[in-house]
Each structure stands twice: as structure tokens, then as C-alpha cells.
Amino acid sequence: MSDSAQTTADPEADTKTDADQQAATDSAPVTDGSSSIVRALENAGVEHAFGVQGGAIMPVYDALWDSDIEHVTMAHEQGASHAADAYGVVAGSPGIALATSGPGATNLVTGIADANMDSDAMVALTGQVPSDMVGSDAFQETDTTGVTMPITKHNWFANSADTIGDTVGQAFALAESGRPGPTLVDLPKDVSFEETDVEPGEPELPAGQDPPTTADPENVEAAARAIERAEKPLLLLGGGVIKAEATETTRAFARDHGIPVVTTMPGIGTFPEDDELCLSWAGMHGTGYANMAITHTDCLIGVGTRFDDRLTGGIDTFAPEAEVVHVDIDPAEISKNIHADYPCIGDAGTVLDQLTDEMDHDPDAREWREQCQTWKDEYPMDYPVDKNAPLRPEFIVEAFDEATADDTIVTSGVGQHQMWAAQYWEFSEPRTWVSSHGLGTMGYGLPATIGARFAADADQDVVCFDGDGSFLMTLQELSVAVRENLDITIAVLNNEYVGMVRQWQDAFFEGRHMASEYNWMPEFDKLAEAFGAQGWRVDNYDEVAPAIEEALDYDGPSVIDFHIDPEANVYPMVASGAPNGKFALAEDQL
Amino acid sequence: MSQNEQGLEGPPPEERPHPDGRRNSQGIRIDPEVEAEPDSRTAMISALVEHEPGVLARVAGLFSRRQFNIESLTVGPTTVEGNARLTLLVEETEPGIDQIKKQLAKLKPVISVGELEERAVRSELVLLKINGEEPGKVQAITEMYDGETLDAGPRTITVQLTGSNDEIEDAMDAYRQFGIIEVARTGPTALSRGDRPTTPGEKPAAEATAVGVKPDGGTEQSGEAESQAETTN
Chain R
51 MSDSAQTTAD
61 PEADTKTDAD
71 QQAATDSAPV
81 TDGSSSIVRA
91 LENAGVEHAF
101 GVQGGAIMPV
111 YDALWDSDIE
121 HVTMAHEQGA
131 SHAADAYGVV
141 AGSPGIALAT
151 SGPGATNLVT
161 GIADANMDSD
171 AMVALTGQVP
181 SDMVGSDAFQ
191 ETDTTGVTMP
201 ITKHNWFANS
211 ADTIGDTVGQ
221 AFALAESGRP
231 GPTLVDLPKD
241 VSFEETDVEP
251 GEPELPAGQD
261 PPTTADPENV
271 EAAARAIERA
281 EKPLLLLGGG
291 VIKAEATETT
301 RAFARDHGIP
311 VVTTMPGIGT
321 FPEDDELCLS
331 WAGMHGTGYA
341 NMAITHTDCL
351 IGVGTRFDDR
361 LTGGIDTFAP
371 EAEVVHVDID
381 PAEISKNIHA
391 DYPCIGDAGT
401 VLDQLTDEMD
411 HDPDAREWRE
421 QCQTWKDEYP
431 MDYPVDKNAP
441 LRPEFIVEAF
451 DEATADDTIV
461 TSGVGQHQMW
471 AAQYWEFSEP
481 RTWVSSHGLG
491 TMGYGLPATI
501 GARFAADADQ
511 DVVCFDGDGS
521 FLMTLQELSV
531 AVRENLDITI
541 AVLNNEYVGM
551 VRQWQDAFFE
561 GRHMASEYNW
571 MPEFDKLAEA
581 FGAQGWRVDN
591 YDEVAPAIEE
601 ALDYDGPSVI
611 DFHIDPEANV
621 YPMVASGAPN
631 GKFALAEDQL
Chain V
22 MSQNEQGLEG
32 PPPEERPHPD
42 GRRNSQGIRI
52 DPEVEAEPDS
62 RTAMISALVE
72 HEPGVLARVA
82 GLFSRRQFNI
92 ESLTVGPTTV
102 EGNARLTLLV
112 EETEPGIDQI
122 KKQLAKLKPV
132 ISVGELEERA
142 VRSELVLLKI
152 NGEEPGKVQA
162 ITEMYDGETL
172 DAGPRTITVQ
182 LTGSNDEIED
192 AMDAYRQFGI
202 IEVARTGPTA
212 LSRGDRPTTP
222 GEKPAAEATA
232 VGVKPDGGTE
242 QSGEAESQAE
252 TTN
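If you read the sequences in order, they're chains R and V. For what it's worth, the numbering used here labels the leading residue of the first sequence as 51, then goes sequentially. For what it's worth, the numbering used here labels the leading residue of the second sequence as 22, then goes sequentially.
Check each hint, because a few of them may be wrong.
[Said to hold, decoys possible] Not close to chain R: a few residues of chain V, all C-beta gaps over 10 angstroms, as computed:
id, residue
1, L29
2, A78
3, A205
[What the hints assert, rightly or not] Restraint ranges, calculated between C-beta atoms of paired labels, are given here:
id, chain 1, residue 1, chain 2, residue 2, range
4, V, A141, R, W115, 34 to 42 angstroms
5, V, T183, R, R275, 36 to 44 angstroms
6, R, D436, V, R86, 33 to 41 angstroms
7, V, I202, R, S186, 49 to 57 angstroms
8, R, R279, V, P53, 46 to 54 angstroms
9, R, R562, V, P53, 31 to 39 angstroms
[Unchecked claim] Beyond 10 angstroms from chain R on every Cβ pair, some chain V residues (computed):
id, residue
10, E30
11, R37
12, G97
13, D119
14, A126
These are computed hints drawn from the structure, not numbers from a lab. Glycine included, C-beta positions come from ideal geometry on N, C-alpha and C.
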């Protein structure tokens, strides 16, 4: 038996109140690597984990038996990684994904890569074959740390039960610190079984990994002067604003200084889209007015954005007249894609406060604000509704938005449906838009919805927009939603195409629909019912509102198969590498 | 599909005003009439790392996946137990070199990153296996370049040379007349001159200072802090 157990048996020790004693009193003492791992997760405040059982991870699962951590068994490890990712996005603390060695670990890879691209905090714990078999091509052996090296912030190969818990704690702390991202700990089975009585502490960052907070005052001063003298200042808010919990500070900054706002797609929710200052999101399928503003600004203040190519369009014509103030916590993002004239490395909220302190007056931007309003009037987001024609997807998105509260969480797969959801839902709160941005992972929608549901408040609706192709990639996770009786609503915008590919084929490949047409799709409403969920099929405008109401009312997973206009396309569109200001309003303008 | 069917209104692209400004491929605003794309240069970069399993793979993988152009890489221990020094010779544009330093600094096992100044002490070791038919002449060249003969047989002579890249290239030119059969080069390694630390904030091990080596009195505690300072300069 362990020393700590003997200590707690000592009546005098009970009067001590330090954390280790408390932990030892509350739950069974650590006896082996596995219980140390679980204790580390408990110390980190983990409440949920998503995963799939299997040989090499079995000791860890066994240690979860007595834990208060709620484990959600997913149908596929890819689902576990997306669920953990989305859980982290909504909860604001790392999601946990568990998988066994070999195929379990490799199935996590897509979700880890997705989290890495979107800087989402996530911890993956993978089983591994016993240490003495590593390197022998053993059954279900994969070099998991090797495979995931380029798609994690850092990963570890655990080699001692005594330190395994603290390693997991480090993985948790590193995942959520600074610029968040996924971390992974590979857990050889013998180390999980190995005896130890070492109680892991609270999660601690590895040495030397403390992120910057305040930016260099000289740079802040120079940036403040640039903003003050700007005539056409524009804030570009990225997902980093949400991750930094800087939404309120950022909103106040824009309003106090009268600076119009565009967001990136991951930055959706940083600023209320119905606010007069907000021009919604810029980039490939962003609004015309956001793309006009970003083209004509003379001072672009990017906060928590990495100037991704889907945002910038062609680098040569991106914000070509603008001095760039770049606020980011990751020094490597400064001048990576777009040169920063005024780099401000630090925490988003802290740096914006520094800027406000430094600014003597607001920029004189009245004419510019009026110009932005003019563009809003000139390029309205609109679509035709003909009640006798096939359903427009935009109408469905707006109908859902109307039927739900402002704090509703919207998730999506990847494709046309994702763009329609992002364009036509009016977002107002952070952590309510959950999507796969950087990696563009079809199939993200359903498992992300499951993860988001576990992180959401009980009274928050969770609605997923998915495409028929995207839904088909991970719909086995519907079994999980039914088993857990999750109150989620999935709207499949079904056009029997891989729609975005079909749209590009029409625009750039002379209409040759190679491998983008489905001549038969499952009937998703019936498929939903086969899983034990509730299903609807909607073909007409009149059926939209009633189906949405019934689906939202249904206390469990519901799937509405909306058969939409198969020819509907996503516009505006900036062709790859084209100038943002030359966005096309229809195909003949590409 | 026509504009009407799509339903979006507004002036078409050709009727919209568009600014004349341009950026180059590095995202730097330029006068499109004047400035050409930036030239690349070589840079010698030293990285102090925790000598843990996989650290070399992390560095090599970083260079490969970000398409950084690496000419050579050497690795070896330092005065501090558990640390190692990587010395990298890279060829990139100025923004590319900046990215290399910042991306290296992001790797968890990397403690600090510095670029060697032009006048830093640099040296490389090379082993050459040379056709041994004219041992006297080979020996003369070896002596001229302060080299050492490590092996001399009836058919081959193996020599060791150290020096700068130019010195080694010159020597190899001289040996070429006999026929160079095999070459093994370490690639250059380097240290900064004087008491300036090779990577920012770098400190020798305690036992090294005990025998009289004074660490630099700089205030930077970690390479990360330094790389931020570099970025914000």
C-alpha cells in the first residue's frame, strides 16, 4: 500500500488542509500510472472525456471506473477528437479525447490536426503497446508521437508512472496557455499498469513556456499614433479574441474609438453582427461590405488573427493601403503572411487596454463609418425566394435563427452549408459558432455537435447545419447522440452534391461534375429513425417552420433532411488568390 | 447562373474603386514600380535545446513542413547536463530567417535561439579519402592547410581538415587532382566571439563558472523572451 494511504490513515494528518491531503481524502489514493493519469485530469477540473476503448488504453479506462469524470463513448475515434475539440471551443477549457494505440490513435489524427489549425485547446491521451515492445512493429503499434508531432503544440511519450500524472497535467496546461492548441500524451500499457503512489499536482506549464502578456510599450505607442491619425481605421477580429476571453474589451475598444469591425470566420461572435459598427466577416465568402472595407482601410488592426489565405485572398492586393497593427500572442504569427508595421505581442485584452491608455484621441473616422454604411446598403446579403421553386438554404438558416434564442450554439460541417450558416445566421455571442475553419474537415459537424452539447448550458439550444456529403462522413455518431439522449437538432441541407466542389466545377472546370454528384443519398429522416432519433423530411417552404418547431421541441436528437435547390451557390465569392475587393456576386463575375 | 438568379445586388467588380497599392509575396507594402522580391541570404542559427528524445525530429520536421531551406545541421552537448546545441546553416529571405527563429523558439524543448553575427567563430571538420598514388604531394597539401593524415595505405590516404567553409573548399580543390574518393563533412558549427552568449540568456553550467568563467550579465532569462524582444524591435 502507498505511503499516502498510510498518511491519511493517521488521524493527525486529517487536520492538514493542503491539496494533496484533500485529494487523498476525497478519492482513493494513486496506486499506479492509470490512477495517476485520472487524478491529474481530476486536478485539472476535467468533467467530460470523449473516447473509444481498446487494448492498450484499457488500464486508463479501468481507472475511470471510480472517477466522477463522465466518459462519452463515441462511435469512432475521429468523432472523439472532434467532440473534444468542440467541447473545448464552447467550454473554454481543453476537451479530452481518449483512444487506444495504432488505429485508435491514427483515427484521432484528423481531429487533432483540425484543433491545431484552429488553435483549439485539446488533450489527446493515447494507449501505446508496452515499452519493451515499442519499435518491434507489435500488434496495434503506431509511432503516435511521430505521427502527431507536426499537428500538436507538443506531445510526450510517457516513460514512468511516477511522473505520468504531472506530464498529463503539463499537457493540459500547455494546451490552454498562450495560443491554445492540441497536446498529446502517449501512454505505454506497462507504464499505465506500473505501481506508483506519487500524487500528481495541479496542472503546471512546462518550464520556459509562459506566454507573453503585455506588449512592448514602444510598439504600443507607435501603434496608438497610427490608429489616431488613421482616416479609415478597421478592426479585424479573429478567433484569438474569443480564446483570450477579450470579447468585452474588444467591443468596448471599437465602440469607444468609433472603429468599424470585420471579423474572420473563427472570429464570428466577437462582435454582435447587428451592431452598426459590424460589417460581419471578410474573406472568400464574406460579405461584400466587409471585403470593401478591408480593401480600402488605411489602418488595419488585426487582433488574434493569422491572416489566413481564405481571409486575405491574393497577398499582393490585401489591404494594400493599410498600415497593419497586429496584436497576437504568438510571435511567429507576426509578419508571417502579412507584414506587421506595428507588432504588438501579448494577450489580446491586455494589449487593447494598453492601446486605449496610450491613445490621446480617437481617429477622425466619421466619413469612413458612413462609407462603410454605404457599402452595407450597396451589397446587401440577399437571396430570392420563390415559393414554387426549390427551397433556398439561406431561408432555412434564417428560419432557424428566428426560432431560437441569441445564445444558441451553431455547429457545422464543411462546405456550402457551412458558408450559408455563417452568412445568414446573425451571431451576437462568442463561443456560439463552432466549425472547422483552417482544416476544412467534412464530417466535423455531428461529433462537434455532441461535444458542444456536453459543454453547453442546459437551456442553450444546439443546432447543427450539415451538408449531405459532410453528414455522411461521420453519421455513425448519431448512435452516441441517441444513447446519451442529447437534445440536438441537425439540419441537413441536402442538395445531393458535394456542393462546394460542384460549385467550383461549374465555375472553373467547365461544369464537369467529376465525383461530386450523388445519384442516390440515404433518406436521412428514415436513417435518423433507424438510429432511434427523430426524423423529418422537408421539401417545401410551408413545411420549414413547423418542422423546425417540432425538431427544437423534441427532447432528443432530431434530424431534418431539407431537400434544397441543388443549384444554389455560395456568393459573394473571392476566387482563390483574387483581390478581396473584386468579390464576385455571381458566377459570371468570377 | 446569372446575377438575378443568385439574387445578390451591387456594382460588379469592374465598376468598383480599387486602391493602387500592392504588397510583395512577403506581405510587405511596396511601390510596384520599384521594389523587387527580397533576396535570400545565409544565416547561422544556434539553438540551445533540452536533449530529450525526439528533439532532432521536431527540428527537422519543422524545417521540412515549413519548407525552410536548411544547408547543414550539427548537434552536440553543452556545458549544461541535459542540454544540447544545434547549429543550423540556413538560406532564406530576411522574413524567412525571422520565421525560422520564431518557429524554432515555439518548440517546447527549445530553450533559446540566436543568430550568429558575421564575425562569429565558425569551423567545420572534413575527412577526405584521397587516391594514394602520390603520397608526397598529398602530404604537402595537407601540411599547407594544417591538416592531419589519419590513415595512409597503399591505395588511399585519409586526411582530416578543419577550418572555414572557404578553407575547406580551397583544400578540396587542391586535392582534386589526385582524385578524392570519399568525403565526410560535419557542416559548420559556431560560437559567438568574446563573452557574448551564443544564444540569448545562455548560461554555462555551475561547475564551469566555478573555475572562473563569468556568465554574461544580460537580463534576458529565456530565449522566448528574447525572441519576442527581437520581434518587437
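Consistency of the hints with the structure:
1. L29: 4 angstroms, violated
2. A78: Nearest chain R Cβ is 7 angstroms from V:A78, so the label is violated.
3. A205: V:A205 clear of chain R: closest Cβ-Cβ about 28 angstroms, beyond 10 angstroms.
4. V:A141 with R:W115: 34 to 42 angstroms: Taking Cβ atoms as reference, V:A141 and R:W115 lie about 59 angstroms apart, which means the hint is violated.
5. V:T183 with R:R275: 36 to 44 angstroms: Violated, since V:T183 and R:R275 (Cβ atoms, about 53 angstroms apart) do not stay within the stated range.
6. R:D436 with V:R86: 33 to 41 angstroms: Because 49 angstroms falls outside the window, the suggested range is violated.
7. V:I202 with R:S186: 49 to 57 angstroms: Taking Cβ atoms as reference, V:I202 and R:S186 lie about 38 angstroms apart, which means the hint is violated.
8. R:R279 with V:P53: 46 to 54 angstroms: 24 angstroms Cβ-Cβ, so the 46 to 54 angstroms window is violated.
9. R:R562 with V:P53: 31 to 39 angstroms: 37 angstroms, holds
10. E30: V:E30 is in fact no farther than 10 angstroms from some Cβ atom of chain R, at 7 angstroms.
11. R37: 6 angstroms, violated
12. G97: V:G97 clear of chain R: closest Cβ-Cβ about 21 angstroms, beyond 10 angstroms.
13. D119: Violated, since 7 angstroms does not exceed 10 angstroms.
14. A126: Given a closest Cβ separation of 7 angstroms, the condition is violated.
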